[in-house]
Amino acid sequence: SQKIEQNSEALNIQEGKTATLTCNYTNYSPAYLQWYRQDPGRGPVFLLLIRENEKEKRKERLKVTFDTTLKQSLFHITASQPADSATYLCALEGTSYDKVIFGPGTSLSVIP
Amino acid sequence: DSGVTQTPKHLITATGQRVTLRCSPRSGDLSVYWYQQSLDQGLQFLIQYYNGEERAKGNILERFSAQQFPDLHSELNLSSLELGDSALYFCASSVDPNGNQPQHFGDGTRLSIL
Numbered sequence: 001s002q003k004i005e006q007n008s009e010a011l012n013i014q015e016g017k018t019a020t021l022t023c024n025y026t027n028y029s030p031a032y033l034q035w036y037r038q039d040p041g042r043g044p045v046f047l048l049l050i051r052e053n054e055k056e057k058r059k060e061r062l063k064v065t066f067d068t069t070l071k072q073s074l075f076h077i078t079a080s081q082p083a084d085s086a087t088y089l090c091a092l093e094g095t096s097y098d099k100v101i102f103g104p105g106t107s108l109s110v111i112p
Numbered sequence: 001d002s003g004v005t006q007t008p009k010h011l012i013t014a015t016g017q018r019v020t021l022r023c024s025p026r027s028g029d030l031s032v033y034w035y036q037q038s039l040d041q042g043l044q045f046l047i048q049y050y051n052g053e054e055r056a057k058g059n060i061l062e063r064f065s066a067q068q069f070p071d072l073h074s075e076l077n078l079s080s081l082e083l084g085d086s087a088l089y090f091c092a093s094s095v096d097p098n099g100n101q102p103q104h105f106g107d108g109t110r111l112s113i114l
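Those protein sequences? They're chains A and B, same order as listed. Per the numbering used here, the very first residue in the first sequence carries number 1; after that it's consecutive. Per the numbering used here, the very first residue in the second sequence carries number 1; after that it's consecutive.
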């Protein structure tokens with residue numbers, strides 16, 4: 001069955017460093033992949049979407065890569081700040097009418 | 001503010017009861033999604049509607065049902081509630097039903113079953 005895995009452990013990094021979060025998937029060929037941020041008690045907030053024919057996408061301090069051969073997406077936050085502390089979710093969607101699958105999320109803590 | 005409104009924010013009820021959760025999508029969005037999030041399960045897709053019609057179904061229990069009304073708001077009905085149904089229930093909306101659009105989430109309804 002379709003499965004998504006993200007960093008199994010919480011990620012703690014020093015302020016100013018680059019945080020790299022991993023999303024791996026199996027038994028799936030998504031046309032799109034999205035990344036969301038979720039703060040405690042709040043709904044997820046959309047950050048970036050990348051298509052299967054795109055290798056990389058950037059938005060301000062955020063960068064996403066999508067390797068369909070490795071079945072992996074990497075999410076980078078450069079010059080990280082304590083305000084970036086949150087849980088980050090990747091989500092995969094099929095090409096049409098397929099259900100959406102969210103990964104379990106990675107908790108990121110940026111330490112001042 | 002995502003523009004998606006969910007009511008109520010909190011709901012406390014007992015086993016065996018029935019509840020209705022309501023969602024108003026962002027203005028202009030035709031597609032509505034429902035998700036369940038519990039501590040040990042992550043964000044689980046339940047069901048999707050587009051312009052009043054069911055579009056996709058996830059692992060939604062038979063005790064749960066949903067609908068989208070002509071004004072595009074949606075309701076999720078949960079019946080014969082069990083302790084394991086305690087969770088955060090999120091509604092999200094998007095412009096169209098396909099995966100190339102971001103989803104905008106409400107802040108959820110926290111359901112507690114006593």
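Calculated directly from the structure, the hints in this document are not laboratory data. In this text the structure is predicted, and so the values were computed from the model without any measurement. By construction, the Cβ of each residue, glycine as well, lies at the ideal position given by its N, Cα and C atoms. Certain hints may be false.
Stated by the list, open to error - 20 Å max Cα-Cα, derived DMTMM-like pairs, lysine to aspartate or glutamate:
| hint | chain 1 | residue 1 | chain 2 | residue 2 |
| --- | --- | --- | --- | --- |
| 1 | A | K3 | A | D67 |
| 2 | A | K71 | A | D84 |
| 3 | A | K3 | B | E82 |
| 4 | B | K9 | A | E52 |
| 5 | A | K71 | A | E60 |
| 6 | A | K71 | A | E56 |
Claimed, not checked - Far from chain B by the CB rule (all over 10 Å, computed), these chain A residues:
| hint | residue |
| --- | --- |
| 7 | N7 |
| 8 | Q34 |
| 9 | V45 |
| 10 | L49 |
| 11 | R51 |
| 12 | D67 |
| 13 | A83 |
| 14 | D84 |
| 15 | A86 |
| 16 | E93 |
| 17 | G103 |
Quick rundown of the hints versus the structure:
| no. | hint | verdict |
| --- | --- | --- |
| 1 | A:K3 to A:D67 | holds, 16 Å |
| 2 | A:K71 to A:D84 | violated, 26 Å |
| 3 | A:K3 to B:E82 | violated, 27 Å |
| 4 | B:K9 to A:E52 | violated, 37 Å |
| 5 | A:K71 to A:E60 | violated, 25 Å |
| 6 | A:K71 to A:E56 | holds, 14 Å |
| 7 | N7 | holds, 14 Å |
| 8 | Q34 | violated, 7 Å |
| 9 | V45 | violated, 7 Å |
| 10 | L49 | violated, 6 Å |
| 11 | R51 | violated, 7 Å |
| 12 | D67 | holds, 18 Å |
| 13 | A83 | holds, 18 Å |
| 14 | D84 | holds, 19 Å |
| 15 | A86 | holds, 14 Å |
| 16 | E93 | violated, 3 Å |
| 17 | G103 | violated, 7 Å |
Checked against the numbered hints above, the structure breaks hints 2, 3, 4, 5, 8, 9, 10, 11, 16, 17 and satisfies the rest.
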